[in-house]
Amino acid sequence: EDQVTQSPEALRLQEGESSSLNCSYTVSGLRGLFWYRQDPGKGPEFLFTLYSAGEEKEKERLKATLTKKESFLHITAPKPEDSATYLCAVQANAGGTSYGKLTFGQGTILTVHP
Amino acid sequence: GAVVSQHPSRVICKSGTSVKIECRSLDFQATTMFWYRQFPKQSLMLMATSNEGSKATYEQGVEKDKFLINHASLTLSTLTVTSAHPEDSSFYICSARVLYLGSEGADTQYFGPGTRLTVL
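These protein sequences, in sequence, are chains A and B.
Add 19 to a position in the first sequence, counting from 1, and you land on the number used in the numbering used here.
Add 551 to a position in the second sequence, counting from 1, and you land on the number used in the numbering used here.
If we strip away everything but chain B, and leave its shape as in the complex, we get (with noise of 0.2 Å):
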């Protein structure tokens, strides 16, 4: 199957400092994955695509200077919240876009497991 991992799984900062979030695809290169943020009992919300070896887009709303995100390498994105504040708390998660993958389907997104950001 197609395994994305992501780091930290929990972090608790700050207000002010900068936190950064790892996106792995573990057993395939992705070269789009898609950054997410989701409130408490609220969907998930899109902020931004990332592909690799180019800039990120991001979705109306979300600033760019604010959420960082780098796709330096086919296995890797990461997420930079910088001068994180409470209202950046979240649970963000990110997935790797597969585009075939045997008998489960073309252009599917796998998700990673979620990293839950505190700022105090």
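Looking at chain A on its own, in the form it has when it is part of the complex (with noise of 0.2 Å):
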């Protein structure tokens, strides 16, 4: 069964205060691992995939790394509009009626305080 663990569970930062979100996976074969954003009462909003260890991908203060056992999601001197929930999920190389489902993290809950 593929499995998702996010840490930490909640992270709070001083502006420009940079730090790391951890997502740890199993899964039978990673065709993708995926990075959304989700504000409270909003769907989530796609930021990255990453297909295999040593990618990376930046966007504006957001840089996702891969290995082959976790993400990492660092935050460069993060801004107040940052805050929000991060969530990771990762898909499997799996076939059938189901191909291409994620299986989602519970999400880091980040705040950043002015």
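There may be inaccurate statements among the hints.
[Stated by the list, open to error] Straight-line alpha carbon distances no greater than 20 Å define the calculated DMTMM-like cross-link-like pairs of lysine to aspartate or glutamate that follow: (1) A/Lys87 x A/Glu20; (2) A/Lys98 x A/Glu79; (3) A/Lys87 x A/Asp21; (4) B/Lys592 x A/Asp58; (5) A/Lys82 x A/Glu100; (6) B/Lys592 x A/Asp101; (7) B/Lys606 x B/Asp616; (8) B/Lys615 x B/Glu573; (9) B/Lys592 x B/Asp639; (10) A/Lys76 x B/Asp658; (11) A/Lys87 x A/Glu75; (12) B/Lys592 x A/Glu28; (13) B/Lys571 x B/Asp639; (14) A/Lys98 x A/Glu64; (15) B/Lys606 x B/Glu573; (16) A/Lys76 x A/Glu89; (17) A/Lys61 x B/Asp639; (18) B/Lys592 x A/Glu64; (19) B/Lys617 x B/Glu573; (20) A/Lys61 x B/Glu573; (21) A/Lys82 x A/Asp58.
[What the hints assert, rightly or not] Chain B regions said to be covered by chain A (calculated; three or more residues, Cβ under 8 Å): (22) 579-593; (23) 658-671.
[Unchecked claim] From the derived model, a few chain A residues whose C-beta atoms are all more than 10 Å from chain B: (24) Ser26; (25) Thr45; (26) Arg80; (27) Glu89; (28) Ser102.
Calculated from the structure, these hints are not laboratory results.
Note that CB positions come from ideal geometry on N, CA and C, so glycine has one too.
Two chains, two separate frames, one set of hints: put the complex together.
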């Protein structure tokens, strides 16, 4: 069974204080690892997809990296508008009628104080 | 980008009534859509995979007769909560699968804004 564990559950930062969120996973053949941002009362917003160990992707103050067992979402000099829940999900190389489905972690609630 | 809409955004109904939620891909065609449920302060739980033109595939523990899914076109999937009860109150979110969208990568799910269902 595919599993995704995110840590920490919650993270409070001061504006400008860089940090990282962790996503550990076990999957029967990784097809892709996804990062999403979710604001309260809204659907998740796509951020990144990573496909293989060593891959990195950046978007503004966010940088996602991937190893064979975990992924990190680095936040550089965060601003209050970066406050949200960050979700990690994996997609397995599985066939069948549920092909393409994602398994989500519990998320990390990030709060950035001005 | 890939835009997904949901309607309604919020619905309040009486116990025993049925509620239909629509999920549309606005600027692309989606052969596969997914339906999720999210409880407060919890992550997304996949309910079912909806494939255009065929029957939906439900996750273990999800009642097929309770949550009816229809994916009649490449841009529309609907979720009907039949005979809704207070325990069905939740945040329902759909996603549409895009196999390739430029530099953002292959086989990505884009999510709708969600529907808040409250059953009295």
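**Asked** If you check each hint against the structure, which ones fail?
**Response** Per hint list: zero violations.
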